[in-house]
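Please build the complete structure, drawing on both the sequences and the hints.
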Amino acid sequence: MFSWIRKGLRTGILTTRYPAAHDRMPEGFRGRPVIDPARCLAGQGCSACVALCLPSALYLTRADNGTGEAHAPAASLTLDIGRCVMCGLCIDACPADALRMVEEYELAVTNQEDLRVTASYAIGPDQLASRKENHDGTSA
Amino acid sequence: MKEHAGLKQQLTAAYGSLPIKQPHPDELVLAISSESFWPTLNSLRETCEITFVDLFGVDLRSTHDAFQLHLIFSFDAEQTWLHFVIDIDEQTAAFLSLASLFPAAGWYERVIWEELGLLPQNHPLLHRLRLAPDWPEQVYPAREGFTWKEPITAHEPIQFALEAAPVGVVDYPLGPVRSGIVESGHYTLRTVGEELIDISVQPFYKQRGIEQRAEEVSLELVPLLAERISGTSAFAHSLAFCQAYERAAELDVPPRARFLRTLLAELERLYNHLGFQADLCQATGLSVGQAQFDLWKEQVLRLNARLSGHRYLFGLNIPGGLSRDLTESGQEEIHTLISALRKELPALSRQLLASSSHRDRLERTGVLSPQQAREYCAVGPVGRASGRDRDLRRDHPYAAYAQMDFTVPLLQEGDALARAKIVLEEGEQTLRIIEQALAQLPAGAIATPCPAPTPGESALSWAESARGECLHWILMGENGKLRRYRVRSASFANWQAFSLAIPGHNILTDFPVIEQSFGLSFAGANG
Amino acid sequence: MEPLLEERTVEAAERLKARIQRLFGRSLHIRHIDAGSCNACESEVKLLNNPYYDIQRLGMFFTPAPRHADLLLVTGTLTRAMEDPLRQTYAAMPDPRLVVAVGACACSGGAFGSSAYSRGGIGEIVPVDVFIPGCPPSPLTLIHGLLLALGRAEQRLQGRTILVRNDLLMPSLAQRFGKKEEH
Amino acid sequence: MEWSSLPGTVFWAMFGLYLLGIVLPLLVPRVRGVIIAAASCAALGGLAALIAGGGVLLGVPGPAGAIDTNLPFGLLSVRLDMLSAFFLVVIGLVSLPVAVYSVGYLSRANEASLRRQQTFGALLNLLLLSLVLIVSAADAILFLMAWEAMAFLSYLMVNFEDDDPHITHSAYLMLAISELGTIGILLAFLLLSQSAGGFGYSALRAAATTLPLPLRSAVFLLTLFGFGAKAGILPLQLWLPEAHPAAPSHISALLSAVIIKLGIYGILRFLLDFLGGPDIAPAWWGLTTLSVGAITALIGILHSVVQHDMKRVLAYSSIENVGIILAGLGTSLTFRAYHLNALAAIAGIVTLYHILNHAVYKGLLFLGAGSVNQATGTRDLAKLGGLVRLMPWTTLFFLIAALAIAAVPPFNGYISEWMLLETLLQSFALPNTLAKVVIALAGALLALTAGIAVTAFVRLCGTGFLALPRSKEAAAAHESPISMRVAMGFLAFLCLALGVLPTFVIPFLDRVTAPLFGVSVLNQVVPPLFTNHPGAYQLLDTLGGGLFGGWLPVNGLVVIAAPGFSTIDAPSYLFLTELLLIGLLLLLLRAIRPLGRRRIERVWAGGIPRFTAAMTYSSLAYSNPVRMIFNGLFRSRTSSRAIAPAAQQREGLLTYEQEIPPPFERALYRPVLKALRWVTERARIIQSGNINQYVGYIFLIVLIVLILRAL
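Chains as they are written, first to last, in this note's numbering: chain A, 1 to 140; chain B, 141 to 667; chain C, 668 to 850; chain D, 851 to 1561.
Among the clues, some could well be false.
[Said to hold, decoys possible] Each computed DSSO-like pair below joins lysine-lysine, with the alpha-carbon atoms no more than 27 Å apart:
| id | chain 1 | residue 1 | chain 2 | residue 2 |
| --- | --- | --- | --- | --- |
| 1 | D | K1322 | D | K1233 |
| 2 | B | K483 | B | K561 |
| 3 | A | K7 | B | K483 |
| 4 | B | K561 | A | K7 |
| 5 | B | K289 | B | K621 |
| 6 | B | K561 | B | K161 |
No wet-lab data here; the hints were simulated from the structure. What you are looking at is a predicted structure, and each value in this text was computed from that prediction instead of being measured.
As C-alpha cells, then:
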C-alpha cells in the first residue's frame, strides 16, 4: 500500500491548469474544420467535399437571398461542426484548399445554430460590407 | 501457396467429393447442401479440432433466388479458415440449428432469425436478441430492399420475461443506465443477499445498424463506419475492413503501410490494456493504481494524437494503405514513450500483483473454465486466460505480424486474476512488437491507389483487436457499393461466455470486478 | 427541436440560467448516460477523472444516481432501445437540471443521424443546454463544455452566414482571410 | 364504600367473572352472541385483574383467603402479594385487549359451528382463570393444580384447529415439554416442602434458610429447568416456535405475552422469594442464570432473523426477550450475592420492567401478525409486502411495536434494555474478577443481540409491509375490523406511554422489589430532582438536572445511581425533544420546498420499463448475510443449481434451497430421541401379553412390599 503512495508522490503534479492557463493541442490535431469561403469553389458548382462527407456536415443549398438578381450558378455551402466527425477526408478532397483543420478544442456552444458556418454566393453589392468580418467562425 | 493436403483429405473423407475452392492461400471455401451440412459438420467436429468463428446469412434472392448461410471455422493446425457456404431456398427459409453441436452458435442463429428471417429449427430458445423491443415484426434489416435511412414507426414493445426465480431469490435489475461512466446495457442479477447465483445479460441497447448503413454509402466512407463499431477498437476494425477490401481487389499494400498498421494497431492495444488495468483497479478500489495506469493511457492517447491527429486513431486506415505517414519526430516520440514504458510497466505490474487488497478480489473470482471457454469460443485475452491458445496475429498473421517476434501468453485458471495477468503480459509483448516495427520500418509509399473490387467479389478478413479477434466479410455489389457487409466483433463472441462466469462462488460485490476483468464493449457487440 | 424546445422551455431555460449558475457554480454533480455511442466518448469522459484533467478540482463530480444529479451528460446517437431509458433518466432528475450533448452523435446524430435504428440527436427527446461537438470531443473540449454550461467559460464559436461574390473576390482578400486564420 | 377495599372486592369479583365466562357461552344459542359473551367476560375479568393488581401495587393491602379441602395437604390458599399483583397487572394488560381483539378475529376467522365457538369461549375464560390462579396462589398445591390446568388448557387452545396434523403435533410437543418441566417444578417444591413440613409459601420461605447448600443448589437448578421449559430458555425452547404459529393469533399473543412469563414468574418466586433471604444464594447461581440468559437471547434473535413465517420470527424473538429477562435476573442475583442490594434491586426493577414491556409489545406484534394473516391468508414473508397502503392502521401499530422491541426510543423497549446494559456496566462494583468478566461478556452478547434485533424487525416490517405485494393474496388485503384495531391501538399507546413516562412506572416496580431485596432504591433511580433537591444530587443539579427548579410537572430523569450515579437518561424530555426536532424538520422542508416545482416521477430503477415485485429485496436475501456470518451457530446447509446461466436460453433450471435446523436440534434432540426409542424398544419385552407373566409381576411386587414391611 505504501509503495503505491510513494509511487503517487514520486509522480508529482501533472494536472493541466486549464481553464486558468490554455493547453495547446499537438500540431496537426483534427480539432475542427475551417472553411475559407474566399477559396471555396462551391459557387462554381464544385461539390467534392460534400460527396465525401459521411455525416453530411457539409451540404449545399440553393441560395435564395431576398435579392432578386441571383448570379448563376448560385449556391450556399454550409459546414455544420455539430455533425462533423473530424475525419479530414474533405480536406484532401478539396481542389482549392478551401478547407483546413485547426487545432482548437474550445468548441462547445449553447445554441446549435452557432455550430453552423454558411458561405453563400452570388449576392447583391449592397451586402458587401459583411465581408469585413473574419470568416473562420471564431469571434474576435 | 500452401496445399493443406492433410486437411483436404480429411475434408474429402468427411464430405466425399466436394468442390473445394481456395480463393486465398489461407481460406478454403466449401459449398454444401442444406440437407447434408448438419451431419457432415457433426462428423467433422469429431474428426478434427476446428473452432467455430462466425455464422451469418446473406440475401441473394435477386441473383441466385436463394438465401446463403456462411459458416466460418478456423483450423488453427494449418492456419486456415474453413468457409462453408450453404444455400437455403426461399420457400423453406429454415435450417437445422447448430446450437447442439456448437453452443456458441445460439446467438448467431438468433441474429440470422431476426435480421434475415431464416428459422433455425429446434433452436433451444428463440426470442429477439439484437433488435430493439419496439422493432416491428416481419421487418428484416439484412434482407435486400431494406433501407437503413428511412425511419420505422415503433410497434408494441416485445419484453422478454425471464422465467420466475425460486422463492426468495431477487431479480436484481442493473441498468441499462448504471452507475459510473459506462456503456448502456442491462443485467438481471439473481441474488440471495450476498450470494450471486445467476445472471441474465441484455447487452443490445445500442444497435445502430452499421452493417446496413455501410451497404448504402460509397466504399471509401466505410472505414469511418467500421471505426465506430467500437471506438476503442477503431483501428482494428477499420484495418479489418481495409484488408477485406484489398483482398477482394487482390492488391498488395506497400510494406511501409503494413508495418505502420502493425505499429498503430499495437498502440491501440497498448492504451486499451493500460485502461483495462485502470478500470480493474477502480473496481477493486485501488485508486492510486488506477491513477497510475490512467496516466500512461493518457500519454499513449496523446502520442496517438501527435502521430495521427486523433486520440483514437480514427480516419487513418484507407483502402490501399494509410492516410498519414509517420514523421521522423513521430518515430522519436514513440521511441521515448515506449522505452519509458519498458522500464515502468514491469514494475507497475509487479506492484499490482503484490498488493493484496487488489489481488484478493481477483483470485478465484468469475471463473470461466477452459471447457466453457471452448464451448462458447471465448476470444482474446478472456479466452487465453481460460486455456484458449489462439491469437490471430500468430495463427493467421496479417499486416506485418509475420515478421514480428512475440509470444502469446496462456493461462488455464480462467479467473479474473488470470485475465489481468494475461493483459499485463500482452502489454509487455506489445511494447516488444512496437519496438521491432519501429526498427524494421521500411521506407517507401504508405498507400497504393486501389480500384474498387469487381462486383460479386467477396472477401473475408480479420484483425486481433485489444478485446480479441474481429472478423469482417464483404460482398461487392453493383454501383461500387457493398452488397453485404458482415462484422463479428470480439465482444459479441465473448458476451455469451461472460454470463457463464457468474453462477458459482461469487458474491454481489464481485460483479464489478468480473465485469471489468472481461473488459467487454457493448457497442462492439451491437454493431 | 420540436416540440420540446418550444418558446416556453426556452424562456424557462433563460430564467433558470442565473439561478443555475448560483446553485451549481461551485459544485456540480454529473450523471452520464450513453444513448448509443461507440464507447470512444465514454473513454474520454472517463478520462476526465484521471490526474491530467481531474475535473474534481473544478468542483464537478460524477454521481451514480440521477436523483442527485444536476447535469445530464449524454453521449451517443439516440438508438430506439435507449429512448425510454433516456426519458426516464431525465425525468428522474430534480429541477433545475442541465443537459449536455457530448459528441457529434449526441448533437445531431453524427455519423449515423436519424434512421430506422436511431432518432439522431438527443435534442429530439430532451432539451439540450450545451452542445459539445467532436468525434469524440477531447477531454479539454468536455471541460470547456461543462464550464460553459455553468457560465464559467466563454463560448468561442459563433454561427455565421458569410456572403461572398466570386466575381468581386480579389486574391489580396483571399490572402487576408488566410492571414486572419493563422492566429 | 371507601377506595381501599375496592381492589379486594374486584379481585374476588374477577373469579366470578371468569366462571361466568365459562358458563355463559355454553348457554347462548348464536355464534356471534357466544363470541361477544365470552369476550366481554374475559375483558371484564382482565379489567378486574388490572384494578386488583394495580390497587395492591398502589399500596392497598393484598386480599387473601383460603379454603379447606379435607385433603391431606392442607389448605388451598390465595394471597395477592406485590409480586403476584405485578403479574396480575401484566395478565390484565394483555388479556383485556386480547379479549376485545377476539371479537373481530373470530367472527371473521371462520364460520365455525356453534359448538366449537362455545367450547372455545369457555376454554378461553377457563385458561384465563387458571392464569390468575397461578399468580395469586399462596401454596404449592393450588399453584401446581393451576399450573397443570394452564398447561393442558393451552394445549387444547393451540390444538383448536385440530384438523391439521402438524398443528396437533406442535401442540403435543408443547404439552410434552411442559410436562417435562413440571417434573422439575414438582421436585423443587418437594425438596423445599419436606424440610418445611408444609406447602404454604411462608413455610417454604422459612424452610429455605435451613436447607443445606447442595439441596438449595439442586432446587435452583430444578427451578431453572422446570420453569425454563415453560419460559422457553435454551435448550428447552423447541416447542415455542412450533406452538406459536399453530395457535389462533390472540391465543399466541396470550402464550407469548403471558404464559411464558409465568415461567419467569415461577423462577422469580423461587429465586427472589423462597430462596431470597440473605446469604442463601451463592454467586454462581446468578452468573449461571446470566450466562444462560445471554446465550438464549443471542441464539433466539439469530434464529428470529432467518425465519420466513411472521409468527416464527416473533416466537424466536420471544425466546430472545426471555433471555434478556433472565440476564437481568442473573445480574440481580449476582449483585445480591455480593451484598450490593441496591444494585440488585435496580436490576430487579429492570427485569420487571422488561417483563412488562415484552408483554405489551409482543402481544401487539402477535395481534398485528394475526390481522395480516386474516387479511391475506398467509404469514409467509415471501408472499407478503405492500400492506402499508392496504392496511395502514395495522401497519402503524405493528411498526410501533417493532420499534419498541428493537429498543428504539421513544418506545418502551428502549428503556428496559438501556437500563439493563447500564446495570451491567455497574459490574465494576463487584469484588470478584470472574464475575466481572462473565458480566462483561454477557453485556457484549446482549449488545450484539440488540443490534441483530434491529435487523430482524427492520426485515420483518420492510419485507412484510413495504415494497410491492408479492402475491395476489397480499394485493387483495383489507384493513381489520374496528375491534381489532382498538385492541392494537390500546397496546400501541401503552408502548409509547411506558417508553416516555418510566418515571411513573418505576415507583410501582420499586414497591415490588423493595420487600424482595429489603431496600427501596426509588430515590436512586428516579430521584425527586425538580424539587430543588439538595445533597446527594447536587452534582445533577450542577449538570443542569435542576433546571426550571421545581416547575416541571414530573421528575423526568432515570438514573442508575449506585454507587454514586453513573448514568442519566431523560426519556420524557427525549420524547419532547424528538417532537421538537420533527417539527423543525417539517418547517425546514417547508422552507426549502420552493426550490424547483414538484414533480411526481416513477421509481428510479436504472431505466427499465417496469419495476416488478420480483425485483424487491426479499426476506431471504435480507437475512442471508447474517446467516453467512453466523453460520457456525446456524449449521445451515444451502444448495443452489443453475445448469446454464439465463443468457444460455435455458428454462427453469435454477433452484435454491436453504435448510436451517432449530437450535440444538441436531446436537441434542435427535440423539436423545434416538436413545429413547432404543430404550422403549427394549422395554417392550416386559409386555408380552402373557397373563401368567403379569400374575408373576403382581406376585413379585407383593413379595417385595412384604419384605420391606418386615424390615
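Given the hint that D:K1322 pairs with D:K1233, test it: the Cα-Cα distance must not exceed 27 Å.
holds, 8 Å
B:K483 paired with B:K561 [C-alpha distance capped at 27 Å]
holds, 18 Å
Hinted pair, alpha-carbon criterion (27 Å max): B:K561, A:K7. Please report holds or violated.
holds, 21 Å
Run the distance test for A:K7 versus B:K483: straight-line Cα separation, threshold 27 Å.
holds, 14 Å
Pairwise hint evaluation, B:K161 against B:K561, where the allowed Cα distance is 27 Å at most:
Outside the cut-off at roughly 41 Å; violated.
Holds or violated: B:K289 to B:K621, with C-alpha atoms at most 27 Å apart:
holds, 15 Å
Of the numbered hints stated above, the single one contradicted by the structure is hint 6.
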